[in-house]
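First to last, the sequence lines map onto chains A and B. Convert by adding 2 to the 1-based position in the first sequence; the result is the number in my numbering. Convert by adding 489 to the 1-based position in the second sequence; the result is the number in my numbering.
Be a bit skeptical, because a hint or two may be false.
[Unchecked claim] Pairs of lysine-lysine, BS3-like flavour, derived with a Cα cap of 25 Å: (1) Lys-122/A - Lys-566/B; (2) Lys-75/A - Lys-566/B; (3) Lys-668/B - Lys-54/A; (4) Lys-168/A - Lys-118/A; (5) Lys-116/A - Lys-139/A; (6) Lys-168/A - Lys-122/A; (7) Lys-695/B - Lys-118/A; (8) Lys-668/B - Lys-168/A; (9) Lys-75/A - Lys-54/A; (10) Lys-116/A - Lys-695/B; (11) Lys-54/A - Lys-566/B; (12) Lys-668/B - Lys-566/B.
Just so you know, the hints here were simulated from the structure itself, not pulled from any lab data.
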Amino acid sequence: MVRAEQVWKSYGSLDVLRGIDLEVELGEVLCLLGPSGSGKSTFLRLINHLEKLDAGRLSVDGELVGYRQRGHKLHELTDREIGAQRAAIGMVFQRFNLFPHLSVVDNVTIGPVKVKGTGKAEARERAVALLERVGLKDKVAAYPSQLSGGQQQRVAIARALAMDPKLMLFDEPTSALDPELVGEVLDVMRGLAADGMTMVVVTHEMGFAREVADQVVFMDGGEILEQGAPADVLSNPTNERFQAFLSKVL
Amino acid sequence: MAAVLAVLVAMLIHTLVFSTTEQPHATGSRFGWETIGQYLFSSHVLSGVLVTIELTIIAMLAGVILGILLAVMRMSKSRLLSSVAWVYIWFFRGTPVFVQIIFWYNIAALYPHLTLGIPFGPSFATVNINSLLTPFIAGSIALATNEGAYMSEIVRAGIISVDEGQTEAASSLGMSRAKTLRLIVLPQAMRLIIPPTGNETISMLKTTSLVSVIAVPDLLKSAQDIANANYRIIQLLIVASIWYLAMTTVLSVGQFYLERHYARGSVRNLPATPLQRLRQDLTRLRPQGKPVAEVLVSSLDPLPVADEPRGAPHE
Ligand SMILES: Nc1ncnc2c1ncn2[C@@H]1O[C@H](COP(=O)(O)OP(=O)(O)OP(=O)(O)O)[C@@H](O)[C@H]1O
Ligand SMILES: [Mg+2]
Numbered sequence: 003m004v005r006a007e008q009v010w011k012s013y014g015s016l017d018v019l020r021g022i023d024l025e026v027e028l029g030e031v032l033c034l035l036g037p038s039g040s041g042k043s044t045f046l047r048l049i050n051h052l053e054k055l056d057a058g059r060l061s062v063d064g065e066l067v068g069y070r071q072r073g074h075k076l077h078e079l080t081d082r083e084i085g086a087q088r089a090a091i092g093m094v095f096q097r098f099n100l101f102p103h104l105s106v107v108d109n110v111t112i113g114p115v116k117v118k119g120t121g122k123a124e125a126r127e128r129a130v131a132l133l134e135r136v137g138l139k140d141k142v143a144a145y146p147s148q149l150s151g152g153q154q155q156r157v158a159i160a161r162a163l164a165m166d167p168k169l170m171l172f173d174e175p176t177s178a179l180d181p182e183l184v185g186e187v188l189d190v191m192r193g194l195a196a197d198g199m200t201m202v203v204v205t206h207e208m209g210f211a212r213e214v215a216d217q218v219v220f221m222d223g224g225e226i227l228e229q230g231a232p233a234d235v236l237s238n239p240t241n242e243r244f245q246a247f248l249s250k251v252l
Numbered sequence: 490m491a492a493v494l495a496v497l498v499a500m501l502i503h504t505l506v507f508s509t510t511e512q513p514h515a516t517g518s519r520f521g522w523e524t525i526g527q528y529l530f531s532s533h534v535l536s537g538v539l540v541t542i543e544l545t546i547i548a549m550l551a552g553v554i555l556g557i558l559l560a561v562m563r564m565s566k567s568r569l570l571s572s573v574a575w576v577y578i579w580f581f582r583g584t585p586v587f588v589q590i591i592f593w594y595n596i597a598a599l600y601p602h603l604t605l606g607i608p609f610g611p612s613f614a615t616v617n618i619n620s621l622l623t624p625f626i627a628g629s630i631a632l633a634t635n636e637g638a639y640m641s642e643i644v645r646a647g648i649i650s651v652d653e654g655q656t657e658a659a660s661s662l663g664m665s666r667a668k669t670l671r672l673i674v675l676p677q678a679m680r681l682i683i684p685p686t687g688n689e690t691i692s693m694l695k696t697t698s699l700v701s702v703i704a705v706p707d708l709l710k711s712a713q714d715i716a717n718a719n720y721r722i723i724q725l726l727i728v729a730s731i732w733y734l735a736m737t738t739v740l741s742v743g744q745f746y747l748e749r750h751y752a753r754g755s756v757r758n759l760p761a762t763p764l765q766r767l768r769q770d771l772t773r774l775r776p777q778g779k780p781v782a783e784v785l786v787s788s789l790d791p792l793p794v795a796d797e798p799r800g801a802p803h804e
């Protein structure tokens, strides 16, 4: 579903990603671990072309992200085409980024209605069902500012799901939450994984990674230092920096 | 200090209202309140009021649209677009609007005809600029183009105030840049854009008076026309001022309620409307049910009073 080959990204003279190779299969959950500044967010943002890569190839579902190849040259896609690619990839942010001027249900319907052209009544029905799935059926008419962080993040997940994505990206979805609210969001994500959603999750929740992930990747300094099934990698880390990282977060 | 002021005010009122002397054409008071009353609702003045309102609406509508356009251009990734916007704003904010008004009025003299067609080839139509650029239109263009430059800075400040995460969230849903701006960013920027736009509108209402110099029959020009015929310049300036004051007052009240509306969701307690405040004041004046004597007695109580004195107005 996701395939990265030698992906490089730099900001000025700072190389944030230095040749990332990885692959995520359909229905797989990949957890991305790493210390602050290691380039995890940057990598996620490359996947839906919120950032442009400087070298390498990155494709989702067999399609290059943000570019079209003609001969040996890559041409950047138009705003519209990039939009179409992004519409098929859901993204959940650390700080929720709900639209504060819209009610909960409008937050969820705005994507289908304004991007896909779904009818309003149909989108609303779908939205209510999704909100029920994330346990917020009674908050349909509320505004984001009236919700707790955990509730807001669950609305954000419903908003992403409303686009029927084939891939979901989560960038530290529980890092901005009070500890007692983390569980409700992770539960929703567990449910998604169980339903077979392909997911790339940046997280510091080792319990979640161990239990849900099919593949764990440890990044530091823009490189992948360790990668494999959680049972192997988390229990017997071979890389020194990964060992140090794990001893800190666990 | 207050006494001096009171005396001055009293003197002013006295001259304005009571003093009657043998003026050339004064029948009533020296000041000529009759003249003011006579012209305040005259059809000539009323049509001037209408022109002033029209100019204000046109200039502000076009100015806001132009302002949004310029703000978006200014913030676009394209160097060309952002430089064009920058130069525009630099030019129109850097020259007096008075000069711009005269400029637009005289541009017809420079190019009396505009020819639409292929250069050096056949022409399809020739437009007479003189007849197209009437004083009213020249004035509208001048005011709107100038306002656009100021509005663009206001709109830009509003757009910048919206968190970048909002744009990212909209992009990640696949929304185009135009839709993101229209559906996500601008509605949120409104809270910051509305108050200064209200100020701009009030200011514009007064600035329109400058077009009287290019013979647009606005409020000021109408008043001047009448004054030119009857020489009662001060009285007619007061007629005009009364109308300007009335209109800016209406706009200020409108702005108060608009700001209140857009503050919703970001302020916990909205400021009270004047009506609500009046009601609060009235209830505060009314006795609170306890007879006054009892309150006095309890205040004579030698013991320290722990609670608020009963019967005191609620704060
Ligand atoms: N727009 C930018 N311009 C310049 N440098 C940037 C930009 N975005 C990120 N960086 C830098 O790139 C590096 C990687 O950032 P990134 O956000 O990907 O880290 P991260 O692994 O997600 O960290 P965290 O756990 O703190 O979120 C950091 O050093 C950061 O300062
Ligand atoms: Mg990050």
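How the hints compare with the structure:
| no. | hint | result |
| --- | --- | --- |
| 1 | Lys-122/A - Lys-566/B | 34 Å, violated |
| 2 | Lys-75/A - Lys-566/B | 23 Å, holds |
| 3 | Lys-668/B - Lys-54/A | 21 Å, holds |
| 4 | Lys-168/A - Lys-118/A | 15 Å, holds |
| 5 | Lys-116/A - Lys-139/A | 22 Å, holds |
| 6 | Lys-168/A - Lys-122/A | 22 Å, holds |
| 7 | Lys-695/B - Lys-118/A | 47 Å, violated |
| 8 | Lys-668/B - Lys-168/A | 23 Å, holds |
| 9 | Lys-75/A - Lys-54/A | 16 Å, holds |
| 10 | Lys-116/A - Lys-695/B | 41 Å, violated |
| 11 | Lys-54/A - Lys-566/B | 15 Å, holds |
| 12 | Lys-668/B - Lys-566/B | 17 Å, holds |
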